[in-house]
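Mind docking chain B on chain A? Use the hints.
Listed below, chain by chain, are the residues.
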Amino acid sequence: MSHTKKHTEEVRLMKGNEAVAHAAIRCGCDGYFGYPITPQSEIMETLMELEPWNTTGMVVLQAESEVASINMVYGAAGCGKKSMTSSSSPGVSLMQEGISYLAGAELPCVIVNVMRGGPGLGTIQPSQADYYQTVKGGGHGDYKMITLAPASVQEMADHTVMAFDLAFKYRTPTMVLADGVIGQMMEKVILPPYQPRMTEEEIIERCPWATLGKTSDRKPNVITSLALLAEEMEEINLRLQGRYREIEKNEVLFEEFSCNDAEYLIVAFGTCARVCQKTVELARNQGIKAGLLRPITLFPFPTVALKNYAEKVKGMLTVEMSAGQMVDDVRLAVNGKVPVEFYGRMGGIVPSPDEVFEAFKNKLVKN
Amino acid sequence: MNIMTTNDIINPNNLVYAKPKVLNDTPMHYCPGCSHGVVHKLIAEIIGEMGIQNKAIGIAPVGCAVFMYKYIDIDWQQAAHGRAPALATAVKRLLPDRMVFTYQGDGDLAAIGTAETIHACNRGEDIAIIFINNGIYGMTGGQMAPTTLNGMKSSTSPNGRTVTLNGNPLDITKLLAQLDGTCYVTRQSVHTVATVRRAKKAIQKAFENSMMGKGTSIVEIVSTCNSGWKLSPADSNDWMVENMFPAYPMGDLKDI
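Here the protein sequences line up with chains A and B, keeping their order. Sequential numbering of the first sequence, starting at 1, is according to the numbering used here. Sequential numbering of the second sequence, starting at 1, is according to the numbering used here.
Take the hints with a grain of salt, since some may be wrong.
[Stated by the list, open to error] Derived contacts from chain B toward chain A, CB cut-off under 8 Å, selection only: (1) V66; (2) T89; (3) A90; (4) R98; (5) L165.
Keep in mind that the hints were calculated from the coordinates and are not lab data. The structure displayed is predicted, hence computed values, not measured ones. All C-beta atoms, glycine included, are put in the ideal place defined by N, C-alpha and C.
This is chain A alone, in the form it adopts within the complex (with noise of 0.2 Å):
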């Protein structure tokens, strides 16, 4: 076994959370800036303490509330910095101004939400009612956001790293959409291999746009999400939103379980996948040919997917730790062709594989 190999291959055992925080030096971020809220503060507290300035000279601060950070984001990722910030939901929408701003001036970055319940001040039991804010753009105006929703410590790690590279590639901000429970429970994880910071040199080269100070040899550059005129405004309206059809064509992931031969299917995303993983081997124990489908991207959202699957199965049931948000898409998707049930528990409870199956059968096999 090559020493490369090794390494890359270490299990650890350590919280959602760690595990952001972790990726995220490993994968050469530049900057992290956030503020302490539950259930995610184990991620500034883990940078803290690996104190990564000593090592690849990563920038960690503590700000004074969530809409600096959203800001300092936008300061270093106006400078082709690697730069995240992570927050849980009242957080996340304090930080809806800066997103926009994000999103109108293309810059990248990667904001992490480890959602708790709402409304309001809520309570920080997990919850998966950010759904509509992140992926129909909780800021104002057009926008939208690449949207990760890991549903274990492993993919917390993986979806940081694979965050960065899509807002690169696409000069968005991206979010990766956890909730209370990935973020708290501990796991075993490989964690991804380093890559070193970008070298300004590399920065200039992959972001021509970046502001690193006027050589003589271009124009200035000038990061703003503004444009008076409206003609020029609708230019730039039209820009994302080209951008946003390359992302839905080139970007959508997902999961499935058991799907091959399933006469229906469940769709649920992040712990509630993991909670229907289990009521779908309930539902076979009985004979009731069930799959899950779980999306890993929620913007861009398998629409296609699930429009086929609209030709095959009966009936679909959708989970989440909400009032039922991501049905909407769900049945946009299907388009009436099938039933689309829902079954929901609000106010950080995380409904049981039993409650789930019971669900099921009562909305989706009763006849």
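Coordinates of chain B only, in the frame set by chain A:
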């Protein structure tokens, strides 16, 4: 007697003064008489003289100076309203050898951006903050600012600012001078040749401090907004001296 012809006058050998090279030719959108143009020119001049055009990164505010990036030939980031010090914090921390400055009005710096301003200063970020204080929201049409004087009329204090309704004017520069993170806090104006020269020295010092990593520098420029004040440019200068200066006295508040 030798009378200079037009050709003599424009002969480069006879030039005694020129527009700073770092200042673009783009016509400014500012109202005639406004202080912004003078301060912009000073900033461009200083950046040119210090030879740091390739090291200067400016953070433009929301307010009248939102288009500042059109006028000064350096790299710029345009911030959300009030957030310029947060952007500058990240830029300077990730590019420590650059000269990073914000340019903010009184609404941007002392109202919506109070938290970002105070905390950037308290952390002693190695940035320069150029603070234009004209006691009014210019761009949105003359509303009351945190620095609007008592009794001063604005579109949202049409009968004059009152303490009971709005509290007293906020002397944020005095407050920032109390913080250990600030190394240089000064208040200047640009309404006479002498004051322009002093303001230039102050801005240059603030930029040098950023380059040397000495901490946060604040240069407040008490300015006129003749459109918002509904006075002629000349009357605005007089009004500023008579009314603004007693509330916001000129000079260094701190210089370490």
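Can you verify the interface hint for T89 (chain B): is its Cβ closer than 8 Å to any Cβ in chain A? Result: holds, 6 Å to nearest chain A Cβ.
If you take the shortest Cβ to Cβ gap from L165 (chain B) to chain A, is it below 8 Å? 27 Å, violated
Quick check on the hint: R98 (chain B) CB to chain A CB, less than 8 Å? Holds, because the Cβ-Cβ distance from R98 (chain B) to chain A comes to roughly 6 Å (cut-off 8 Å).
Less than 8 Å between beta-carbons is the criterion; does A90 (chain B) satisfy it with respect to chain A? 4 Å, holds
Measuring from the C-beta of V66 (chain B) to each C-beta in chain A, is the shortest one below 8 Å? 6 Å, holds
This entry does not satisfy hint 5, going by the numbered hints stated previously; all others are met.
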